[in-house]
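Chains as they are written, first to last, in the working numbering: chain A, 47 to 326; chain B, 9 to 145.
The set of hints was computed from the structure by calculation and includes no laboratory data.
Glycine is no exception: its CB is placed at the ideal position from the N, C-alpha and C atoms.
Any given hint could turn out to be false.
[What the hints assert, rightly or not] Far from chain B, some chain A residues (derived; all Cβ distances over 12 Å):
| hint | residue |
| --- | --- |
| 1 | M47 |
| 2 | P115 |
| 3 | V263 |
| 4 | H274 |
[Unchecked claim] Within a straight-line C-alpha distance of at most 30 Å, the following computed DSBU-like cross-link-like pairs (lysine-lysine) qualify:
| hint | chain 1 | residue 1 | chain 2 | residue 2 |
| --- | --- | --- | --- | --- |
| 5 | B | K142 | A | K279 |
| 6 | A | K279 | B | K32 |
| 7 | B | K32 | A | K166 |
| 8 | B | K140 | A | K113 |
| 9 | A | K77 | B | K118 |
| 10 | A | K279 | B | K62 |
| 11 | A | K68 | B | K118 |
| 12 | A | K113 | A | K77 |
| 13 | A | K166 | B | K140 |
| 14 | A | K113 | A | K94 |
| 15 | A | K113 | B | K71 |
| 16 | A | K166 | A | K77 |
| 17 | A | K85 | A | K138 |
| 18 | A | K270 | A | K207 |
| 19 | A | K279 | B | K140 |
| 20 | A | K113 | A | K68 |
| 21 | A | K279 | A | K77 |
| 22 | A | K113 | A | K85 |
| 23 | A | K270 | A | K113 |
| 24 | A | K166 | A | K94 |
| 25 | B | K32 | A | K113 |
Read off the chains here:
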Amino acid sequence: MAEIVGAYFTSHVPAIGGAIHKGLQQEPYWKPFFDGFHKVHEWLAQVKPDVAIVFNNDHGLNFFLDKMPTFAVGAAAEYHNADEGWGLPIYKPFAGHTELSWHIINSLVEDEFDITTCQKMLVDHALSIPFELAWPDVEAWPVKIVPFAINTVQHPLPSAKRCLALGQAVNKALQSWTGDERIVIIGTGGLSHQLDGERAGFINRDYDTFCMDNLSVDPVALTKDSIHEMVRKAGTQGVEVLNWIAARGALGQAPVQEIHRNYHIPISNTAAATMLMEPA
Amino acid sequence: MSGPQNVSEPIPGTHLFDGDAAAKGFELNAMCYSFNNAANRQAFLDDEEAYCAKFHLTPEQRKAVAERSVLGMIAAGGNIYYLAKLAGIFGLNVQDVGSMQTGVPVDDFKAMLLAQGAGQTYDEAHGAMIGKEKVHG
Numbered sequence: 047m048a049e050i051v052g053a054y055f056t057s058h059v060p061a062i063g064g065a066i067h068k069g070l071q072q073e074p075y076w077k078p079f080f081d082g083f084h085k086v087h088e089w090l091a092q093v094k095p096d097v098a099i100v101f102n103n104d105h106g107l108n109f110f111l112d113k114m115p116t117f118a119v120g121a122a123a124e125y126h127n128a129d130e131g132w133g134l135p136i137y138k139p140f141a142g143h144t145e146l147s148w149h150i151i152n153s154l155v156e157d158e159f160d161i162t163t164c165q166k167m168l169v170d171h172a173l174s175i176p177f178e179l180a181w182p183d184v185e186a187w188p189v190k191i192v193p194f195a196i197n198t199v200q201h202p203l204p205s206a207k208r209c210l211a212l213g214q215a216v217n218k219a220l221q222s223w224t225g226d227e228r229i230v231i232i233g234t235g236g237l238s239h240q241l242d243g244e245r246a247g248f249i250n251r252d253y254d255t256f257c258m259d260n261l262s263v264d265p266v267a268l269t270k271d272s273i274h275e276m277v278r279k280a281g282t283q284g285v286e287v288l289n290w291i292a293a294r295g296a297l298g299q300a301p302v303q304e305i306h307r308n309y310h311i312p313i314s315n316t317a318a319a320t321m322l323m324e325p326a
Numbered sequence: 009m010s011g012p013q014n015v016s017e018p019i020p021g022t023h024l025f026d027g028d029a030a031a032k033g034f035e036l037n038a039m040c041y042s043f044n045n046a047a048n049r050q051a052f053l054d055d056e057e058a059y060c061a062k063f064h065l066t067p068e069q070r071k072a073v074a075e076r077s078v079l080g081m082i083a084a085g086g087n088i089y090y091l092a093k094l095a096g097i098f099g100l101n102v103q104d105v106g107s108m109q110t111g112v113p114v115d116d117f118k119a120m121l122l123a124q125g126a127g128q129t130y131d132e133a134h135g136a137m138i139g140k141e142k143v144h145g
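Construct the entire structure; sequences and hints are all you get.
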C-alpha cells in the first residue's frame, strides 16, 4: 500500500529562481532563506518519496482568462515549463503519474468535486522553483508528479474551507490506491505578500505566524476567514496560502507534527516560508 | 452587484481582480499573456502602437500602457500576473513595479520591505517610507 511520507511547503517567488541561477544562495540577502533547506534535503533523503502530489497556482503560463478552472488536475505523462516572459531559465520537465492522476480524478468526481482534467498542462515557477529548492543539482526529478492548479488569480476564488476539503478528498483517494509508492504532498506559494495596488509591499508577520502555528495542529482554524478577509490579512497574492491548506488536507485527518519551519522577510516582496510535516 | 463579497469592508490600496475587472481588462491581459512568446515581446518593442491595436486595447488601456502607469493599467482591468510580463519587457521586477505604484524611489520601497523583516509592521514601515518621500520627494 502507498505511504504518505509527509508534506513539504515552500514559497515560490520567481526571484528565488534567479538567485539559484546566479548562485547567490550564500549572499547575505538570500542565505537566511536558503539555509532553511538543509533540513528539507536531509528529510527527503531519509523519506525517499517517489511521487509528489503538488498544489500550486498558475501565473498566466498555462491558463488565460478565457478559461479559468477553479481546481485543475493534471493527467499528463509529462509536464513542461516554458518561457514566462520575464527571463527565468526554462526548467526541467516533470514525469507525470497518469494512472494515479486518473485514480484521484475518478475518486474526486465520485466525491462530487467537479474538477477540470488536463492531459496537457504547462507548469510555471510555482511548481519548478520548489523542486529546484528541494532537489538542487539533480539531472532529473526523483519523483513523478500529480499537479493541482488552484485558481488564485481571478475572483471568486475557492474558499479555504473548500480547499481543505479538496485536499482531504485527495487523501481519501490515496487511501484507496493500491500501488506501493512513497508519496510526498507539496504546497507552494505565499506567505503574505501583495504585488499590486497602492498597498504593494504589504507583509503580515502576525497572520503568517498564525497560519504556520495552526496548519499542522488545527488547519480548520485557517478556514474561518472569507477570501476577502484572507486578502486583507495575507495580501492579494498571499491568498496562495490556499495551496498550503489544500496540501495540508491531503495529509489526512490523523494527527501530524511539524518537523521544520523557516520564515524570513523579505524575499523579493514576500514573506518567505518553508515547512515540513510528518504523520505523528 | 456581483457577489456577496462586495458587502465586505474595502481593503485600502487593494483592487480585487473579480469578474468585473476580468471582463474590463480582457484585451489588455490578452496582450500581456502573448508576451510569454519572445517574438511577441520583440514585436511590441518594434511597434508598440501596432501591437496594441492588434489586441484592440481600449483607449483607457492604451493610455495607461503608453504612460507606463501600473495603477492605470490595474484600473483598466489589468491583472498583475499578466502585467508582470509587460514589465519584464522593460527589465522591471516586482520591486520596480511596487515603487511605481507607491510613488517612491525603488530603494525606498526595498527599504520598506527590509524594515518589515527587521520587525516593523507594514503600517510602521509604510508610514516611514511615505514620510521620507514627503520630506525629500
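Verification of the supplied hints:
no. : hint               : result
1   : M47                : holds (40 Å)
2   : P115               : holds (14 Å)
3   : V263               : holds (26 Å)
4   : H274               : violated (4 Å)
5   : B/K142 with A/K279 : holds (27 Å)
6   : A/K279 with B/K32  : holds (26 Å)
7   : B/K32 with A/K166  : holds (29 Å)
8   : B/K140 with A/K113 : violated (44 Å)
9   : A/K77 with B/K118  : holds (17 Å)
10  : A/K279 with B/K62  : violated (39 Å)
11  : A/K68 with B/K118  : holds (20 Å)
12  : A/K113 with A/K77  : violated (39 Å)
13  : A/K166 with B/K140 : violated (50 Å)
14  : A/K113 with A/K94  : violated (37 Å)
15  : A/K113 with B/K71  : holds (27 Å)
16  : A/K166 with A/K77  : violated (36 Å)
17  : A/K85 with A/K138  : holds (23 Å)
18  : A/K270 with A/K207 : holds (8 Å)
19  : A/K279 with B/K140 : holds (26 Å)
20  : A/K113 with A/K68  : violated (35 Å)
21  : A/K279 with A/K77  : holds (27 Å)
22  : A/K113 with A/K85  : violated (39 Å)
23  : A/K270 with A/K113 : holds (29 Å)
24  : A/K166 with A/K94  : holds (27 Å)
25  : B/K32 with A/K113  : holds (16 Å)
In this structure, the earlier hints numbered 4, 8, 10, 12, 13, 14, 16, 20 and 22 are contradicted, and the remaining ones agree with it.
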